[in-house]
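Chemist: Here is how the chains run, residue by residue.
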Amino acid sequence: SQQGEEDPQALSIQEGENATMNCSYKTSINNLQWYRQNSGRGLVHLILIRSNEREKHSGRLRVTLDTSKKSSSLLITASRAADTASYFCATLEYGNKLVFGAGTILRVKS
Amino acid sequence: NAGVMQNPRHLVRRRGQEARLRCSPMKGHSHVYWYRQLPEEGLKFMVYLQKENIIDESGMPKERFSAEFPKEGPSILRIQQVVRGDSAAYFCASSPPTDRGYGYTFGSGTRLTVV
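Respectively, the protein sequence lines represent chains A and B.
Going by our numbering, the first sequence opens with residue 1, and the numbers climb by one from there.
Going by our numbering, the second sequence opens with residue 1, and the numbers climb by one from there.
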């Protein structure tokens, strides 16, 4: 079953702008993770936020988690053309099962 | 550290044949997960294995699909009597025995095409 649901489904922005993607989930989680997938490639782990954390930063990435609303957001600041990819949130359910959403396709135009 | 190695990268099978997909986890990782991705969709969980044990196979189709992770050697995802609907990208991921907060490491996937 699908756990995380991302929105928007697709996002197109200009280089230098910020990109925000949202994710909602349904069940209790251990942590929530964001991954990037370039076209035709595997997934790359970006950032992990634990259920007891509210915000986390890594370089140009900022992730927030609101467990009361069962939602998370991923902010990419000062976007670059190389950020063009699909972005997936995934929730780690108890039992070590990582469940993915359908993803957001980000296109950064130079 | 070579990361998670999957082979083959591309696999073409005729309907009714068997497909065998291999995954070697990262060194030190004893947990392996298989996911399937249909075109322009997210990853769907299939099965979670530890050495010689299937921990969670709730995402595996009831028929034709099986997975193993033997004591020695790679994890194998086996699809018998493939059908066109099995065409997808199959990804393997691995993780260490304890949560170190780094997420899963994914392989580059095997793209199965059934003709």
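One should not assume that every hint holds.
[Unchecked claim] Okay, derived cross-link-like pairs now, DSBU-like style, lysine-lysine, Cα gap no bigger than 30 Å in a straight line: (1) B/Lys51 with A/Lys70; (2) A/Lys97 with B/Lys27; (3) A/Lys26 with B/Lys71; (4) A/Lys70 with B/Lys44; (5) A/Lys109 with B/Lys71; (6) B/Lys27 with A/Lys26; (7) A/Lys56 with A/Lys97; (8) A/Lys97 with B/Lys71; (9) A/Lys56 with B/Lys62; (10) B/Lys27 with A/Lys109; (11) B/Lys44 with A/Lys69; (12) B/Lys71 with A/Lys56.
Think of the hints as simulated: they come from the structure by calculation, not from any bench.
Chemist: CA of B/Lys71 to CA of A/Lys56, is that 30 Å or under?
Modeler: 38 Å, violated
Chemist: Given the hint that A/Lys109 pairs with B/Lys71, does the C-alpha gap stay at or below 30 Å?
Modeler: Roughly 48 Å separates the two Cα atoms, so the pair is violated.
Chemist: Given the proposed pairing of A/Lys56 with A/Lys97, does the C-alpha separation stay at or below 30 Å?
Modeler: 22 Å, holds
Chemist: Are A/Lys70 and B/Lys44 close enough, with their CA atoms no more than 30 Å apart?
Modeler: Given that 30 Å is the threshold and the Cα spacing comes to 20 Å, the pair holds.
Chemist: Does B/Lys71 lie within 30 Å of A/Lys97 when you go C-alpha to C-alpha?
Modeler: 22 Å, holds
Chemist: Hey, B/Lys27 versus A/Lys109, does the alpha-carbon distance stay inside 30 Å?
Modeler: Violated, at roughly 38 Å.
Chemist: Starting from B/Lys27, check that the Cα of A/Lys26 is at most 30 Å away, please.
Modeler: Violated, at about 33 Å.
Chemist: Are the Cα positions of B/Lys44 and A/Lys69 separated by 30 Å at most?
Modeler: 24 Å, holds
Chemist: Next pair to validate is A/Lys26 with B/Lys71; report whether the Cα-Cα distance is within 30 Å.
Modeler: Given that 30 Å is the threshold and the Cα spacing comes to 36 Å, the pair is violated.
Chemist: Is A/Lys97 within 30 Å of B/Lys27, Cα to Cα?
Modeler: Roughly 20 Å separates the two Cα atoms, so the pair holds.
Chemist: B/Lys51 and A/Lys70 were given as a pair; does the straight-line alpha-carbon distance stay at or below 30 Å?
Modeler: Violated: B/Lys51 and A/Lys70 sit about 33 Å apart, past 30 Å.
Chemist: Holds or violated: A/Lys56 and B/Lys62, Cα atoms, limit 30 Å.
Modeler: At roughly 40 Å apart (the allowed maximum being 30 Å), B/Lys62 and A/Lys56 break the hint.
This entry does not satisfy hints 1, 3, 5, 6, 9, 10, 12, going by the numbered hints stated previously.
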